[in-house]
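Note that the protein sequences, when read in sequence, are chains G, B, Y and D.
Using our numbering, you'd call the opening residue of the first sequence number 718 and step up by one each time.
Using our numbering, you'd call the opening residue of the second sequence number 457 and step up by one each time.
Using our numbering, you'd call the opening residue of the third sequence number 157 and step up by one each time.
Using our numbering, you'd call the opening residue of the fourth sequence number -5 and step up by one each time.
Treat the hints as calculated values from the structure; they're not laboratory data.
Errors might be hidden in some of the hints.
Stated by the list, open to error - Computed cross-link-like contacts, EDC-like style, restricted to lysine to aspartate or glutamate with a CA-CA straight-line distance of at most 20 Å:
| no. | chain 1 | residue 1 | chain 2 | residue 2 |
| --- | --- | --- | --- | --- |
| 1 | Y | Lys176 | D | Asp32 |
| 2 | D | Lys34 | D | Asp45 |
| 3 | Y | Lys163 | Y | Glu210 |
| 4 | Y | Lys176 | D | Glu44 |
| 5 | Y | Lys176 | B | Glu685 |
| 6 | D | Lys34 | D | Glu44 |
| 7 | Y | Lys163 | Y | Glu181 |
| 8 | Y | Lys176 | Y | Glu215 |
| 9 | D | Lys34 | G | Glu958 |
| 10 | D | Lys34 | Y | Glu171 |
| 11 | Y | Lys176 | G | Asp869 |
| 12 | D | Lys34 | D | Glu46 |
| 13 | B | Lys510 | B | Glu652 |
| 14 | D | Lys34 | G | Asp869 |
| 15 | Y | Lys163 | Y | Glu179 |
| 16 | Y | Lys176 | D | Asp45 |
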Amino acid sequence: MNWAWFHRLGSPPHIYRIAGTLTPWFAWLAGLLIIVALYSGLVLAPPDYQQGDGFRILYVHAPSAWLAVMIYGVMASAAAIGLIWRMKIGHAVAASCAGVGAWFTVVSLVTGMLWGKPMWGTYWVWDPRLTAQLILLFLYLGYLGLRAGFDDLSRADRASAVLAIVGFINIPVIRYSVEWWNSIHQAPSVMKMARPSMPIDMLAPLLMMLLGFTLYFAAVLLVRLRAEILRRERTASWIREVLR
Amino acid sequence: MSAQRTSTMTAVWLVLQRDLRLATRRPAQLIQPLAFFAVVTLLFPLGYTPELSKLRAVAPGVLWVGALLASMLALESLFREDAGDGTLEQFVVSGQPLVALMGAKTAAHWLLTGLPLTLMAPVLAIALGVSVAAMPGILLSLAIGTVSLSLLGAVGAGLTLGVRRGGVLLALLTLPLAVPVLIFGAKATELAIAGESLTGPLYLLGALAVLGVTLAPIAAAAAVRIGLE
Amino acid sequence: MCELSVKNLHVFRGERYLLKGLEFEVPRGVCLQVAGANGAGKTTLLRVMSGLLEPEALELRWRGGRVSPRDPEYHATLFYLGHDPPLKDDFSAVENVAFNVGIRRSVSRSDVRAALERVGAQRFADLPVRTLSAGQRRRVALAALRLSGTNLWLLDEPVTNLDLAGQSLVVSLIEEHLVHGGLVVAAIHQDLGLSLSRRFSLNVGTGEGLP
Amino acid sequence: MSEFFAMGGYAIFLWPAYLATFLAIGVNIVLARRAHEDAKQEARRRIAIEDEGPL
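Could you build the full structure based on these sequences and the hints that come with them?
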């Protein structure tokens, strides 16, 4: 039975299968990269002249912070695709992103605080980058809360898509206002110090970790995407073969 | 059969008039946000210190957080009553651009809450030891800031329309987005109190309001359509 | 060529696959009576046709051209009257009708009073709607419907809460509308009793038309 | 080897940070797989219902 509206969805059976085959590749590659990055970051990289070995927290803090922001971007663009071109696959991707994004925003905050403690003597300082990540966490919580508020999946998809897009437009505004607020109040800001021209043997592990985390996210996203596709495909006939 | 069709501008004016007239029929609802703003401000001298010099230092934050929470309070009813009695649906199928009607409802909300809150702020500012000279700056910054709050709130109210107990969620969605308004607004008020020029933050507040005016009604319209399904 | 045609209409409500490929046409001057058990999808059909509910798929043709149910130009030609009449309790009947119609086309207070009189609502025209009975509120909504000057009426059980006099009022309003070349799609529980030439029937549950 | 774990005295900050991160990595893998299993389970249940009688 050919349902015309099916093609508009970006042929889920096709995407479901591709997601299945790609996941292990991403997973193994991510695992390998992370292990190599761990070894080179913790063992090979020289200690920082100022923070000593403490700076190595960077190798988990920076990738988590990057993931938190990048995932929101992926979520918002997928939501836009779902809302504007009415493609359910967009909503499925957006729904798959939110949980992981929120988790890694929390991780970036925790690792940021553990890094800040030896530096500033307290776990929390209103550093602009940490503050912006905290607000980002509330954006994720708002998104998850809104999505949970609807029983009907299609309404939940579209409402949360509007929020994701509005949130995404506001992220640069929030980041600018927090930086502006920080500059006029001279709150301590250490995060910048760790990033400038790092020697290659310090930088290489970071880049590997960033790529490893991104591939890890891709693997988790694809697994969740398959779940979200099944939830949205209701009684599509192709599901029968897949589930056999 | 079809006489001369109402223009969008007339429809917007009609919606604005309707909401204002509705508010006059139930004045109690108008006073609640103002009372809430006063109570919140009153808590600080009691909870912190009666010393005017110290209160003056925290006055910007108190005024803006109070105004923010008070305007949040009034958002719940922005769409929920109209959705309940079926009139909001008529907006969607009226043939008039829903974005424009959402703009009208948000403008009515600002006139009924944002503006009164702004006009009341000087009285509370005096209670926090702020000199009269700072009043123009406070009025101006709050006037512009509350416009953005109403616009952001309209999006939040629209999104939580389809959610049963949407009240708390409405605040959770709207407050993070209102952070820039709070930062620039509080700074503008602080400069006003210090007697310095506040054009910098005022321009930023103005920019936020313009961003809000262009985007928020579009998002609110989309949100309301989904909420009414 | 039919004035209004619906094809390939698929709607899911949460888990339920409510409307499966519904198809029908409504020529000018005819009222389509939509029957079906409770929850069969009568209201859903009307809300989809008025653009209030997003379907999985729909091919809607209005006045010959394919149109989206969310197009404001299409909305300008239709009036949707749901289960509860769209009235503000704090407003009087006159104010309510003046607004509901005024947002569509310019209308004077005398037009509004004349419309209220036509539906027998002139006695309570200036009372806040809060004080009116369900039947009276329904009449006020019918006044707005009639005065709206729209061509396509989408009515969800228009005779609910109405006494016999009220029900015959609805029938006469619809007949009058059809004579002027209007169209009506009405969700009904029992037949409205329109003249034979003026009505079709469709059962949304089973999808086949009744003569 | 032990001075490696000492991490120049930052151990009590560094290892909890790494632990938290890899805990999150593990948890999200489990959550993702479970979400997929649940979805498959639900789809099977829906298909079973559909095979019995029309929806």
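Each hint tested on the structure:
With a CA separation close to 27 Å, the supplied pair Lys176 (chain Y) and Asp32 (chain D) exceeds the 20 Å bound. For the suggested pair Lys34 (chain D) and Asp45 (chain D), the alpha carbons sit about 16 Å apart, so the restraint of at most 20 Å is met. Of the supplied pair hints, the one linking Lys163 (chain Y) and Glu210 (chain Y) holds, its CA atoms being roughly 15 Å apart against a limit of 20 Å. At roughly 15 Å between alpha-carbon atoms, Lys176 (chain Y) and Glu44 (chain D) fall within 20 Å of each other, so this suggested pair holds.
Restraint check: the Cα-Cα separation between Lys176 (chain Y) and Glu685 (chain B) comes to about 19 Å, which is no more than 20 Å; the hinted pair holds. For the suggested pair Lys34 (chain D) and Glu44 (chain D), the alpha carbons sit about 15 Å apart, so the restraint of at most 20 Å is met. A distance of roughly 9 Å separates the Cα atoms of Lys163 (chain Y) and Glu181 (chain Y); the hinted pair therefore holds under the 20 Å criterion. Restraint check for Lys176 (chain Y) and Glu215 (chain Y): satisfied, since their Cα atoms lie roughly 13 Å apart, inside the 20 Å limit.
A C-alpha spacing of about 12 Å is found between Lys34 (chain D) and Glu958 (chain G), which places the hinted pair at or below 20 Å, so the restraint holds. Only pairs whose Cα atoms come within 20 Å are accepted, and Lys34 (chain D) paired with Glu171 (chain Y) is accepted, the gap being roughly 15 Å. A C-alpha spacing of about 18 Å is found between Lys176 (chain Y) and Asp869 (chain G), which places the hinted pair at or below 20 Å, so the restraint holds. A hinted pair counts as satisfied when its Cα atoms are at most 20 Å apart, and Lys34 (chain D) with Glu46 (chain D) qualifies at roughly 19 Å.
Using a Cα cut-off of 20 Å, the hinted pair Lys510 (chain B) and Glu652 (chain B) holds, with the two alpha carbons roughly 19 Å apart. Of the pairs offered as hints, the one joining Lys34 (chain D) and Asp869 (chain G) holds, with about 19 Å between alpha carbons and a cut-off of 20 Å not exceeded. Annotation: proposed proximity of Lys163 (chain Y) to Glu179 (chain Y) holds, straight-line Cα distance about 4 Å (limit 20 Å). Taken as a hint, the Lys176 (chain Y) and Asp45 (chain D) pair is honoured in the structure, with Cα atoms around 17 Å apart against an allowance of 20 Å.
Violated hint: 1 only; the structure is consistent with all others.
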